[in-house]
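Heads up: the sequence lines are chains A and B, in that order. Heads up: the first sequence at position 20 corresponds to 20 in this note's numbering, and the numbers run straight through without jumps. In this note's numbering, each residue carries its 1-based index in the second sequence increased by 1000.
Warning: the hint list may mix true and false statements.
Said to hold, decoys possible - Now the stretches of chain B that chain A is said to cover, found in silico as 3 or more residues with beta-carbon under 8 Å:
id: 1; segment: 1065 to 1077
id: 2; segment: 1101 to 1110
Unchecked claim - To give an idea of the chain B side of the interface with chain A (calculated C-beta under 8 Å), a few residues:
id: 3; residue: Lys-1087
id: 4; residue: Arg-1090
id: 5; residue: Pro-1153
As the list claims (entries may be wrong) - Per the computed footprint, the stretches of chain A lying under chain B, defined by three or more beta-carbons under 8 Å from a beta-carbon of chain B, are:
id: 6; segment: 39 to 46
id: 7; segment: 59 to 70
In short, the hints are calculated from the structure, not lab data. We put the CB at the ideal spot given by N, CA and C, even for glycine.
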Amino acid sequence: MKKRRTVTPTPRPAPPEVRRDDAGNPWTADQVMQEIVAIVCDLDDNLAPKDVTRSDSFTDGFGWDEWFKMRLRKPVERRLHESLSAFLLMERVKTVGDLVDYVWSSMEKA
Amino acid sequence: MKRWVSAAIAVWLAPGAASAQGLDVAIAHSYLSAKSLGQPATFFLVGAEHEPTLSEIDGSILLRGGWGASGFWETGARALAGSARTKPERVYGAVARATWDLDPVGLTIASEYEADGSFAVEKGVLSAELTPQGGPRGLGRPWNRTVPFRWRPWLGAGVGNVFDASGSEDPERDSFFRAYTRLEATYTPTHWDIGAEGTLWAVEGGVGTRSHARGTVGFEIASGVSFDVTGEIGRQPPSFLYEQSFKMGFGFHHPFERGTKPPPANR
Chain A
1 MKKRRTVTPT PRPAPPEVRR DDAGNPWTAD QVMQEIVAIV CDLDDNLAPK
51 DVTRSDSFTD GFGWDEWFKM RLRKPVERRL HESLSAFLLM ERVKTVGDLV
101 DYVWSSMEKA
Chain B
1001 MKRWVSAAIA VWLAPGAASA QGLDVAIAHS YLSAKSLGQP ATFFLVGAEH
1051 EPTLSEIDGS ILLRGGWGAS GFWETGARAL AGSARTKPER VYGAVARATW
1101 DLDPVGLTIA SEYEADGSFA VEKGVLSAEL TPQGGPRGLG RPWNRTVPFR
1151 WRPWLGAGVG NVFDASGSED PERDSFFRAY TRLEATYTPT HWDIGAEGTL
1201 WAVEGGVGTR SHARGTVGFE IASGVSFDVT GEIGRQPPSF LYEQSFKMGF
1251 GFHHPFERGT KPPPANR
């Protein structure tokens, strides 16, 4: 007598969470990360996307000074449609991951 | 009396109550420029046989808070003093200033009180300063991935008033106008910070220009503590006395950036 094989269905991975920027565009966390990496590389031609990770510090890692870091504000507003205050950018955003997390937390759940 | 009034005005001008985004503090070499804020406050001891040991401290403390979306304010005080400097060579200052991101430049409007050590020279200055946020290679960012050299220029102008009688070498004697340009360069291989900063002033009065240059080599001993060698030459406000020095000592640096994560946005 054959034993019946019981097949337990493997749970499907949950679809990535989608959030909307202030212009209503949908984003996943990975897409936010990719866009911020693209912004960083557009600003500094010393960097290629493969060089940029979440843990990279803008000052210690990339060697930017405070004023150069300020240049992140406008592209983030233009491309991710999220506002970023100059004070927060200079004082609290230390790494690429900090910026991704802040922009992601600024977006509304879709 | 006037000096305390002007210092109080400088601090009062800082819109401290306007900050709803927190407050941060930095301790560094001076608050005169972004590079200066990256350099440690220094404490030097100068000794010689059969001579008393002399000291020099060069530092500033600065508070910073947010101001709207594109700006921030700062207020603080600085001192270049100690027994190794004569009273006329000492410099004290207090500042209140605001900075805005006007992409592609940063604009700073500042009011500063500055005095020498004997308070024989006291001045109040209202100034505006511009720096490009980015541009040619090395401006605000490393020259390339292997050469950690960067530079930054500044252009500023100020109007001021001499509150107290000026020294004989001071071209600023009453109300005055001064324009200046400053260039900073820094080379930062691991654990080292090698920097140079030069400033050229065009001052109103009988004499045209004054200049000052400073070079520093620092080696990081521990986080926030370094061994520093500094050389400087030239004349700087408020009294524009000529000085030339070479010193070694210890530096202490507490930068603004605390490394705390930004708060989540309010949603």
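Now for the hints, and whether the structure bears them out:
1. Counting residues of the segment 1065 to 1077 of chain B whose CB lies closer than 8 Å to any CB of chain A gives 8, so the stated coverage by that chain holds, three being the minimum.
2. Check result for the segment 1101 to 1110 of chain B against chain A: holds, 4 residues qualifying (beta carbon to beta carbon below 8 Å, three or more required).
3. A distance limit of 8 Å between C-beta atoms decides the matter here; for Lys-1087 (chain B) the minimum to chain A is near 34 Å, and the interface restraint is violated.
4. With its C-beta approaching chain A no nearer than about 29 Å, Arg-1090 (chain B) sits outside the 8 Å limit, and its interface hint is violated.
5. The beta carbon of Pro-1153 (chain B) is not positioned within 8 Å of any beta carbon in chain A (closest approach about 11 Å), and the interface hint is therefore violated.
6. Under a criterion of three residues with beta carbons nearer than 8 Å to beta carbons of chain B, the stated coverage of the segment 39 to 46 of chain A is upheld, 3 such residues being counted.
7. A stretch counts as covered by a chain when three or more of its residues have a beta carbon under 8 Å from one of that chain; for the segment 59 to 70 of chain A and chain B the count is 9, and the coverage holds.
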